[in-house]
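Novice: Listed here are the chains, written in short residue letters.
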Amino acid sequence: AQSVTQPDIHITVSEGASLELRCNYSYGATPYLFWYVQSPGQGLQLLLKYFSGDTLVQGIKGFEAEFKRSQSSFNLRKPSGHWSDPAEYFCAVGAEGGSYIPTFGRGTSLIVHP
Amino acid sequence: DGGITQSPKYLFRKEGQNVTLSCEQNLNHDAMYWYRQDPGQGLRLIYYSQIVNDFQKGDIAEGYSVSREKKESFPLTVTSAQKNPTAFYLCASSTGIGELFFGEGSRLTVL
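Keeping their order, the protein sequence lines are chains A and B. Going left to right, the first sequence walks through residues 1 to 114 as this note's numbering numbers them. Going left to right, the second sequence walks through residues 115 to 225 as this note's numbering numbers them.
Treat the hints as calculated values from the structure; they're not laboratory data. Heads up, a few of these hints could be off.
Said to hold, decoys possible - A few chain B positions that, by computed beta-carbon distances, are all more than 10 Å from chain A: (1) Gln120; (2) Ser121; (3) Arg127; (4) Gln155; (5) Leu159; (6) Lys184; (7) Glu186; (8) Ser187; (9) Thr191; (10) Ser194; (11) Asn198; (12) Leu204; (13) Ser208; (14) Leu214.
Stated by the list, open to error - The calculated DSS-like cross-link candidates involving lysine-lysine, where the alpha carbons are at most 30 Å apart (straight line), are: (15) B:Lys123 / A:Lys61; (16) B:Lys123 / B:Lys184; (17) A:Lys49 / A:Lys68; (18) B:Lys123 / A:Lys49; (19) A:Lys49 / B:Lys197; (20) B:Lys171 / B:Lys128; (21) B:Lys171 / A:Lys49; (22) B:Lys171 / B:Lys185; (23) B:Lys123 / B:Lys197.
Every residue gets a Cβ at the ideal spot worked out from N, C-alpha and C, and that includes glycine.
Using the sequences and the hints, build the whole thing.
Specialist: Quick look at the structure:
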């Protein structure tokens, strides 16, 4: 069964500093990988996704993520944290075939200090 | 604009009452999902449907029921059998592969 681990419950950075949110997945084949962002009381919005090809993917709001098969990781990065970035971030993994039920991590709360 | 509409956004229920949360999509997606979100627990799957007139239980289906009579609609009923229904509920849809598209959520509070 597929699974996703986000080891950090909270991440705190200073505005302007780089940030990285970690995601590790477990799945036998090449997975489909996603990062979503959720503002308080809102639904989830897709930041970026990886299906195949270039392992470094660019997303919205200046975020990027890198797929590393050897480490089973799909970490989210941003070169410079912004005051608008605080939110809950979810990593998810999906797989082709059968019932399509993406699995979500528990989320990482990002805090940006001015 | 295409998207997913959940209603109501806020709902209060007395103990022992059933309530129904609405989810409508105009994205022409085959698959629809209901998730429950509690603080610190991420998203937990309640029910999902991959086609009209068919749906499957997720990880926490007890105390909930759904129907899928139309492609566009996937309502969730929180029954009186659900012992701790206060939560944030999210509906989503997909083509059956790829990303999920989420509604804005419904917050249910039991009084």
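Novice: Hint by hint, note whether the structure agrees.
Specialist: Checked hints:
With a least CB separation of 8 Å from chain A, B:Gln120 falls inside the 10 Å interface cut-off, contrary to its annotation. With a closest Cβ-Cβ approach of about 13 Å to chain A, B:Ser121 is found to remain outside the 10 Å limit, as its non-interface label requires. The beta carbon of B:Arg127 is kept farther than 10 Å from every beta carbon of chain A, the shortest such distance being approximately 18 Å. Interface exclusion of B:Gln155 from chain A breaks down, the closest Cβ pair being 7 Å apart, not more than 10 Å.
For B:Leu159, the shortest C-beta to C-beta distance to chain A comes to about 7 Å, within the 10 Å cut-off, and the non-interface label is violated. For B:Lys184, the non-interface assignment is confirmed: its Cβ lies about 20 Å from the closest Cβ of chain A, beyond the 10 Å cut-off. With a minimum CB-CB distance of about 18 Å to chain A, B:Glu186 clears the 10 Å threshold, and the non-interface call stands. With a least CB separation of 17 Å from chain A, B:Ser187 remains clear of the 10 Å interface cut-off, as annotated.
Against the 10 Å criterion, B:Thr191 stays outside the reach of chain A, whose nearest CB is about 20 Å from its own CB. The claim that B:Ser194 lies off the interface holds: its Cβ sits roughly 26 Å from the closest Cβ of chain A, which is beyond the 10 Å cut-off. Separation of B:Asn198 from chain A is adequate, the least Cβ-Cβ distance of about 18 Å exceeding the 10 Å criterion. Not every beta carbon of chain A lies more than 10 Å from that of B:Leu204, the smallest distance being close to 6 Å; the non-interface claim is violated.
For B:Ser208, the condition that its CB be more than 10 Å from all CB atoms of chain A is violated, with the nearest at approximately 7 Å. At the 10 Å boundary, the C-beta of B:Leu214 falls inside the reach of chain A, the nearest C-beta of that chain being 6 Å off. Annotation: proposed proximity of B:Lys123 to A:Lys61 holds, straight-line Cα distance about 26 Å (limit 30 Å). Between the alpha carbons of B:Lys123 and B:Lys184 the distance comes to roughly 22 Å, so the proposed pair stays at or under 30 Å and holds.
A distance of roughly 14 Å separates the Cα atoms of A:Lys49 and A:Lys68; the hinted pair therefore holds under the 30 Å criterion. The straight-line distance between the Cα atoms of B:Lys123 and A:Lys49 is roughly 28 Å, inside the 30 Å bound, and the hint therefore holds. Of the pairs offered as hints, the one joining A:Lys49 and B:Lys197 is violated, with about 36 Å between alpha carbons and a cut-off of 30 Å exceeded. Distance hint between B:Lys171 and B:Lys128 is fulfilled; the C-alpha atoms sit about 25 Å from each other, no more than 30 Å.
Note on B:Lys171 and A:Lys49: the hinted pairing holds, with a Cα-Cα distance of about 26 Å set against a maximum of 30 Å. For the suggested pair B:Lys171 and B:Lys185, the alpha carbons sit about 18 Å apart, so the restraint of at most 30 Å is met. Between B:Lys123 and B:Lys197, the direct Cα distance comes to roughly 21 Å. Compliance with the 30 Å bound is thereby established for this hinted pair.
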